[in-house]
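Undergrad: Sequence:
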Amino acid sequence: MLARERHKRILELLRKDGTVRTADLVEAMSVSSETVRKDLDYLEQSGQLERVHGGAVPVPKKLVAEPAEEYVSLAARNTQHMEEKSRIVRRAAALVKEKQVVALDYGSTSFLMAKELARRFRSLTVITNSVQNALALVKCPDFTIILVGGILNKKELSLGNDFSAMLDSLHIDILFMSVSGVHPTVGLTDQGFSEARVQNQMRQLASRTVVLADSGKFGRASLVKICALREISTIVTDSGLEPAMEEAVRETGVELIVVPEE
1 MLARERHKRI LELLRKDGTV RTADLVEAMS VSSETVRKDL DYLEQSGQLE
51 RVHGGAVPVP KKLVAEPAEE YVSLAARNTQ HMEEKSRIVR RAAALVKEKQ
101 VVALDYGSTS FLMAKELARR FRSLTVITNS VQNALALVKC PDFTIILVGG
151 ILNKKELSLG NDFSAMLDSL HIDILFMSVS GVHPTVGLTD QGFSEARVQN
201 QMRQLASRTV VLADSGKFGR ASLVKICALR EISTIVTDSG LEPAMEEAVR
251 ETGVELIVVP EE
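Counting from 1, one number per residue, gives the positions in the sequence shown under UniProt numbering.
Calculated from the structure, these hints are not laboratory results.
A few of these clues could be false.
With a straight-line Cα cutoff of 30 Å, these simulated DSS-like cross-link-like pairs (lysine-lysine) come out [to be verified]:
no., residue 1, residue 2
1, Lys-155, Lys-115
2, Lys-155, Lys-139
3, Lys-8, Lys-115
4, Lys-139, Lys-115
5, Lys-8, Lys-38
6, Lys-97, Lys-115
7, Lys-99, Lys-115
8, Lys-139, Lys-154
9, Lys-97, Lys-139
10, Lys-115, Lys-154
11, Lys-38, Lys-16
12, Lys-155, Lys-225
13, Lys-154, Lys-38
14, Lys-99, Lys-38
Owing to the predicted nature of the structure, the values given are computational and were not obtained by experimental measurement.
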């Protein structure tokens, strides 16, 4: 039996029975246990099953990367999942100390974080490429606001492209980053090329990078890859995260903070 035929047979049995045992596959296909082991390794590496002791099980649905939904306007996102996002930013703001240098990227969750910082702190330096974030902080008398220069994205009210070289001379204590997709193998992804460039610049300058992502972002992958999960410090999310995804994310080594419902 050719390898392709064995792989097909293994997946058929997996769909039928919900699990396969190595010993049963050896008998069913009249091959050695070493051959079955190599077949299972190949199918796991290609994302078609998950190895367990003595056999294999189907890959949990949410661990297969799903394409992120088509572009949703900033105005719409500023009204979606507000309860979850609010809990996330309240928990994440506890990681900040007075007088620190905080960086914020763009987006609806970042905007909520800007408003939370304005409410909670007296004196911060805030670096951002978001016009709406800057406007949310403008009435804080002891905040220093550094708006990264660039080309204005009118849809996102963000600044990007090649005018952000000024970032190279700055130190950032903590970066709060929002993304379109969080996946344990694909990594962190977003939709904007120039915005992702600024996000990565700020990430490389930050002592700590904290991703703010509601549970609906997990298991998804957008067009532009920002970085692997191991390249950030922490992810803060809500309690809607599925157990299989939570386990897979923790296995990457990133700190995962799950905020319970209030």
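Undergrad: Quick one, are Lys-8 and Lys-115 close enough, alpha carbons at most 30 Å?
TA: violated (54 Å)
Undergrad: Has the given pair, Lys-38 with Lys-16, been kept, meaning a C-alpha gap of at most 30 Å?
TA: holds (21 Å)
Undergrad: What's the verdict on Lys-139 and Lys-115, does the C-alpha distance respect the 30 Å limit or exceed it?
TA: holds (11 Å)
Undergrad: Just to be careful, I want the Cα atoms of Lys-155 and Lys-225 compared with a cutoff of 30 Å; is the pair within it?
TA: Status holds; Cα separation ~20 Å.
Undergrad: CA of Lys-97 to CA of Lys-139, is that 30 Å or under?
TA: Roughly 19 Å separates the two Cα atoms, so the pair holds.
Undergrad: Is it true that the CA of Lys-99 sits at most 30 Å from the CA of Lys-38?
TA: violated (55 Å)
Undergrad: Would the pair Lys-154 and Lys-38 pass a check requiring their Cα atoms to be no farther apart than 30 Å?
TA: Violated - the C-alpha atoms of Lys-38 and Lys-154 are around 52 Å apart, more than 30 Å.
Undergrad: Would the pair Lys-8 and Lys-38 pass a check requiring their Cα atoms to be no farther apart than 30 Å?
TA: Distance of about 14 Å is within 30 Å: holds.
Undergrad: Are the Cα positions of Lys-97 and Lys-115 separated by 30 Å at most?
TA: Distance of about 16 Å is within 30 Å: holds.
Undergrad: Regarding the pair Lys-115 and Lys-154, is the alpha-carbon distance no greater than 30 Å?
TA: holds (21 Å)
Undergrad: If you draw a straight line from the CA of Lys-155 to the CA of Lys-115, is it 30 Å or shorter?
TA: holds (20 Å)
Undergrad: If you draw a straight line from the CA of Lys-99 to the CA of Lys-115, is it 30 Å or shorter?
TA: holds (17 Å)
Hint compliance for this structure: hints 3, 13 and 14 are broken, all remaining hints hold.
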